[in-house]
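Engineer: Spelled out from the first residue to the last, the chains are:
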Amino acid sequence: MDGLIELVPLPYTDAVVALGALVLGVVSGVLGTLAVLRERSLVGDALSHAALPGVCLAFLFTGAKDPAALLAGAACAGLVAAACMVGIERGGRIRADAAIGVVLSSAFSVGIVLLTAIQNRPDADQAGLDRYLFGQAAGLSADDVLVTGLIGLAGLTLVAVGFRALKTTLFDPAFAAAAGLRVRALELGMTALLVIAVLVGIRMVGAILMVAMLVAPGVAARQLADRLVTLLPLAGAIGAAVGVTGALLSSSAHVPTGPVIALVAFAVVAAALAFSPGRGVVWRAMRLTHDRRRALADGVLVDLETALHAGPPPTVAELRALTARPSRELRRGLRLLRGAGLVDRAGDRLLLTEAGAEAAGAQLARRDDWSLWLEHGARLELPDAREPDPRDLAGSIGADAVARLRALA
Amino acid sequence: MSSPALEVRRLSVSYGRRPVLWDVDATFPAGGLSAIVGPNGAGKSTLLKAALGLVPSDSGQALVLGRPARSALDSVAYVPQREAVDWDFPATVREVVEMGRYRSAGWLRRLRRSDRAIVDEAIERVGMAPFAKRQIGRLSGGQRQRVFLARALAQEAPVLLMDEPFAGVDARTEAALVGLLADLRDGGRSVVVVHHDLGTVRRAFEWALVLNVRTVACGPVEEVIVPATLAKAYGAGTGDDSDEEEELAWTA
Amino acid sequence: MSPADWQIMVTAGLVATACGLLGPFLVLRRVALLGDAVSHAVLPGIVATFLLFETRAPLPVIGGAAVFAVLCVLLIDALRSTGLVKADAAIGLVFPALFSLGVLGVHQWTANLHLDLDATIYGEIAFVPLDPWIVAGIELPRAAWTMLAVVALDLALVVALWKELKLTSFDPEFARSVLISPRVLSRLLLVAVAITAVTAFESVGAILVVTLLIVPAATARLLTDRLWLTVALAVAVGWVAAIGGYATAVRFDASIAGAMGVVAAVCFTLAFAGRSLVLARKRTLQSAS
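One line per chain: the protein sequences are Z, Y and P, in this order.
End of the first sequence = 409 in this note's numbering, gap-free, step of one.
End of the second sequence = 661 in this note's numbering, gap-free, step of one.
End of the third sequence = 950 in this note's numbering, gap-free, step of one.
One or more of the hints may lead you astray.
[To be verified] Coverage of chain P stretches by chain Y, computed from C-beta distances (three or more under 8 Å per stretch; other residues unrestricted):
| no. | segment |
| --- | --- |
| 1 | 705-718 |
| 2 | 883-895 |
[Claimed, not checked] With a cut-off of at most 27 Å between alpha-carbon atoms, the simulated DSS-like pairs for lysine-lysine come out as follows:
| no. | chain 1 | residue 1 | chain 2 | residue 2 |
| --- | --- | --- | --- | --- |
| 3 | Y | LYS542 | P | LYS747 |
| 4 | P | LYS824 | P | LYS747 |
| 5 | Z | LYS167 | P | LYS747 |
| 6 | P | LYS824 | Y | LYS641 |
It should be emphasised that the hints constitute simulated quantities derived from the structure, not laboratory data.
Ideal Cβ placement from N, Cα and C applies to all residues, glycine included.
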């Protein structure tokens, strides 16, 4: 382990933290994504709160602050909490978010009561028990990293082995159960791993920031990938990148690691939500503006072509009467077309330029193609399940297919 | 000449890159029972939502009784798809129907006695009076649809826009609801229904829009629901899609 | 019973009332964990107040915390309304980020000063009677007076906008078609939750507020399928937790907030078991007939 750490070109403690953040990032990225996809993002939050009564009970039983016993207690409490959440949901009426909330607040309340009970015992050395699990990442050791790595390896192996079952469960739980998949066993395994990952994570970055580590990579990855098989590795990679970046930033600025990691995670998600191609908010807004312009320009162009076909060049008012288009929209469309050099004016009459006539012809041809597709598309054999785009049939199914379509008609 | 109940002009909508509606023109007469038909993904529901401004449109305009739809929402009763809501919600049949009166009651105000009378009448009219106090989760699909229709009736709007009201509803309920819609029409209201069953459309409706991203045809049912236009919308000579064949068979 | 006992129970009951009024709507809108999110997200507000005004007096701290609480709920709402993020994930993204800002603030500027976060953010209900206010000749703890104001605010909101809240929780699309904006209602509700939570944190501690926002509402949800009864029962269960929890805490010398939470949890468990039994019996009856 130390050999590996020495390979990192950083001071020893920084290297440990960076490596730990990397491992934790991968593990929580992958496991957290599964929770995010099932709309149970805050399971990790509840599990970390449930650790408190577990630690207290372990202390009450053993009477000493033995780290292994406390961790075991926390893990058991986590599993019980997870089972409670599933049970409450299965009882009906209460949805996932409320089930998580009920378990979270009940467990933590029990923990607080136990904590006061312990404090009332004169014999016990209980100081700092409540802090045991919720401290900051300061004293991260190489052993911690090793343990995290091993858990991570176990988790990733389980995800890889059970990938198909997992995918079916996420996509269609009813089908998965009907197909005889060991849904319960798999879920139990994943939950157990999540419990352990959360326990390790809260010692490294704190309970609340662990929530960020579990949620953010999955959400960011979801904006960039559509398929589970790419989504999970991507989430792991984002988690790792976020973890390492945060760790390096925090060590160079001499501030706590956990919060920096959480803020980096948030920044990554914000960027993904804004700029992800095809989904991002900014991207969609630009697309909408562009689509609106194009739809309007194409529509007005066809209107004008139709009018010219039927009679002499129309005035704006005549065109408006012909098309029933709202006048503000019509004017805007004409402005766009004149800007593109497709429409010209002769006095107050509207004309198509040469390029405009060509564009209008192409546009009309596209519309005719779409009508043909609607009528005869079903008989057209295509090499695969590609879908037609009404605005650009040739571009979406191929010029050759359009030619065959015309022949069919 | 009275303005049409609903008129859309050059309406274009796209989701992502895909156009869902493409320069759609359609007119639905006032005082008529009209249907919007078309294959899956033809943009039928989107047409209603875009007309009411519930989804953003790329271009075009919608008019309700001659007024821009956004400022004429008080003359529209919109019935969303049943799946759109959480039926586990703690509300009774009566409470849901009362929601139809919220607009006219106004913000912050409670319902008046006259509102209650209208609600009672609407519940009575759809045959749900015995179930008025029942929680909505304990209703069948057909009963839920009746509740939604009652809510629309309670709005007392001259124009009813209904999104797939007959999907997953048993034949008896469908017949009862269609009869009720015909009564409404006879009472002077206009009804526009997104519908998938061409048989019912031919029997009970007088006006139809055949839609498939673009307007295929719009007019009286006997002129519009004919093999030629349906072939254009649903595709001619489909090999293996039994649903579409069945629908074509209805029109033969 | 001493006056202090009464005062603690009344204060907790008022917190339960405020939470019981709003909690059912959070549960129905699937954002039950909003209280938890707010409880962490207020940290930077408290730190900023301390840095700017060098005070730990209750009112400025509540003000500073409220700013970040409102920021938190509005950010969650904004993330949700992009349609790219589900409510649960939006909550899980926002509050750790805000909390991190707070932790960094503590580390950077207040490490050497004495800002005991536990005492500031997590009020302790046992100390409530130590700070009495006399208003109109009546002596009650300051926390009880502030909570009374918050209860009045929440009650006014829920009563005045009852039908709008009901409609937008049930069928947002229809609501938009009758010009009752789901977005406006959602923001009003969330801001009310933020203000309620912040005020209550300062009096009785965060975990009790989080618990009283979720557990009584979930319990009520199991017991009835009428909305007004859900709200009434949520308030009632909250009071049971407040009084029963205090009695338990005194009897066993345990944490008051913890004991109240435990009693609430017991109420939920009983309701859950009762409902399961009734459903099971119905099922056997049906299969028998």
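Engineer: In ascending order, which of the hints set out earlier in this document are inconsistent with the structure?
Structural biologist: 1, 3 and 6
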